[in-house]
Amino acid sequence: MQERFILKVEDLTVSFDGFKAVDALSFYVEPNECRVIIGPNGAGKTTVLDLICGRTKATAGSVRFHDQELLTMREDQIVNAGVGRKFQTPSVYEDLTVFENLELSYPKGHSVFGALVFKRDADVRARIKEIAETIFLEGQLDEKAAFLSHGQKQWLEIGMLLIQDPELLMLDEPVAGMSVAERKKTAELLNRIIQDRSVIVIEHDMGFVADIATRVTVLHQGKTLSEGSMERVQNDPKVVEVYLGH
Amino acid sequence: MQSSAFLSRKEMIGFALLAALIFIVFPMMLDSFRLNLFGKYLTYAFVAVGLALCWGAGGILSLGQGVFFGLGGYCMAMFLKLEASTPENTSIQSTPGIPDFMDWNQLTELPWWWQPFYSLPLALFAVVAVPVVFAFIIGVAMFTRRVGGVYFAIITQAFAAILTILIIGQQGYTGGVNGITDLRTLLGWDIRTDEAKTTLYFVNGVLLFAVLFAAQYVRKSKLGRLLIAMRDQEDRVRFSGYNVANFKIFIFCLGAAFAGIGGAMFTLQVGFMSPTLVGIVPSIEMVIFCAVGGRLSILGAVYGALLVNWAKTTFSESFPELWLFGLGGLFIAVVMLFPNGLAGVWSEKIEPRLLALLGKAPADKSAPDGAPAE
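Sequences listed follow chains A and B, in order.
For the first sequence, numbering that gives the first Met the number 0 begins at 0 and goes up steadily by one.
For the second sequence, numbering that gives the first Met the number 0 begins at 0 and goes up steadily by one.
Hints in this document: simulated from the structure, not taken from any laboratory.
Among the hints, erroneous ones may be present.
[To be verified] Non-contacting residues of chain A with respect to chain B, defined by C-beta distances greater than 10 Å in every case (computed):
1. Asp75
2. Ser104
3. Phe135
4. Thr185
[As the list claims (entries may be wrong)] In silico DSS-like pairs for lysine-lysine, Cα to Cα no more than 27 Å straight-line:
5. A:Lys128 - B:Lys39
6. B:Lys9 - B:Lys311
7. A:Lys118 - B:Lys311
8. A:Lys222 - A:Lys183
9. A:Lys143 - B:Lys219
10. A:Lys128 - A:Lys56
11. B:Lys39 - B:Lys311
12. B:Lys311 - A:Lys143
[What the hints assert, rightly or not] Partner residues are not named here, just some residues of chain B that face chain A (Cβ under 8 Å, in silico):
13. Phe133
14. Phe135
15. Asn177
Don't be surprised by glycine CBs; every beta carbon is placed ideally from N, CA and C.
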């Protein structure tokens, strides 16, 4: 029997010195759903992703991915369970080539010994080539990541996630800081990669959100303000008041 | 395409040049006293190579490598001391058969933890194992708690201070501030003769190359690239599904193992081990060897150790009181002017000109004999 939800976030709370950045938040993500989280600055959007991927420790609540409780797991264990995370600012390894960046994200040889004896075989090369084509970087494989443009670095980081092939992909403002042309290409790329997996996206660009979202969660002061389809959320008077109105 | 060969053509030449220098040029040019001195310098190169991996590649700055050098050296010294302390040699002591400094400190019995050092295999095992176990404990305590950067450097320095104080304080067990001296033979072979010192110099050279090849293997493996990735974007590595702490512990232990071997070779060639080689100052000097050589380059680390130590000997023979200022100035100069050390100067300044002199533009990759460039 297929489970109804791939991710169950319940009563998730984190407080920083008494300030509740995320306050008893609950939401559920279905398989193959693309959930977009929007909200004003300081609403706690990035913190929610940080809590799910283990970067920030929760004060209370539970995050269940399939049947595993993520809150007690280490970051790398969460990743290996199938949760991928892209950061807001592109974080790639600048001193390594595009090829090496992708190779390090390839889901093999992740133990110390495994990394020592890891062989760059035909499978690895083929997979890296395939991903590089998807992210428009097949011509830059031997270039150091430091020399890529901002948009290309974003793509590379998306590629590094793709090669992990996570079941749940979390993207933090994937089109921020991009030119119009790059933004269009990225939207096309994201549309392709969000197939066959669940995705949680934080985004401000409403046109882009309307384009990809299955459902939208509006956060405000660490709580859910509204949830549902884009249309429903856009017409919710509460949302209009705090967020979309200005 | 990506070069995955163990040694690129350029690196092969670098290794060959260093081998020629150590195995041919030095032994031919230097008298036995100077050759022994260079052998001593090269023992520091073991530490510097480990630092090139830990610090240069992995970004883990340890200011306590002297601890591991010292532990390796003491393990070797304990074996040699026991061999030198036969009942016949020590018959004037109130308890013959134990090391002299124990007798001076009213010990009447060899402590239990000295017992294993009667055996050479166990002592050699300890030369590597004791530093590694120690590094492992520090590594687990620090890296799993995500202590890094400056904090880690300071803590390693504290360990260097603690070990020195411990060794000096426990005079009866360790020989105190004098260290373990008057070492004579290794399985009956007198290590104080010129011939023995020359032989040990070559053994040292071979071991150094074994360490260099091991370091090169690590650098060329995926683990080597992971180290660089961790240095630049630790979080990204973590969120690519790696347990960062394990990798840091591994490379720190590897550096400690290298340092331990260097320490043991120091004891054999110089004939003593003392706390002055363990503490804060030697530990920082070891970082300077690595920085001067170029912290990203394992061969550079060897040249750095050779050059700084040679300069130290030369200057301190003529101006003993000025040497420390010279060392400080050298370090500042390297950081300000040549952040990539000798290796950087070589690959950025000298090599392109050399190639131009030979009639080869640096951009022109085709080899003169028509062989395909790798």
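Going through the hints against the structure:
no.	hint	result
1	Asp75	violated (5 Å)
2	Ser104	violated (5 Å)
3	Phe135	holds (20 Å)
4	Thr185	holds (19 Å)
5	A:Lys128 - B:Lys39	violated (49 Å)
6	B:Lys9 - B:Lys311	violated (30 Å)
7	A:Lys118 - B:Lys311	violated (44 Å)
8	A:Lys222 - A:Lys183	violated (31 Å)
9	A:Lys143 - B:Lys219	holds (17 Å)
10	A:Lys128 - A:Lys56	violated (37 Å)
11	B:Lys39 - B:Lys311	holds (13 Å)
12	B:Lys311 - A:Lys143	violated (39 Å)
13	Phe133	violated (19 Å)
14	Phe135	violated (12 Å)
15	Asn177	violated (40 Å)
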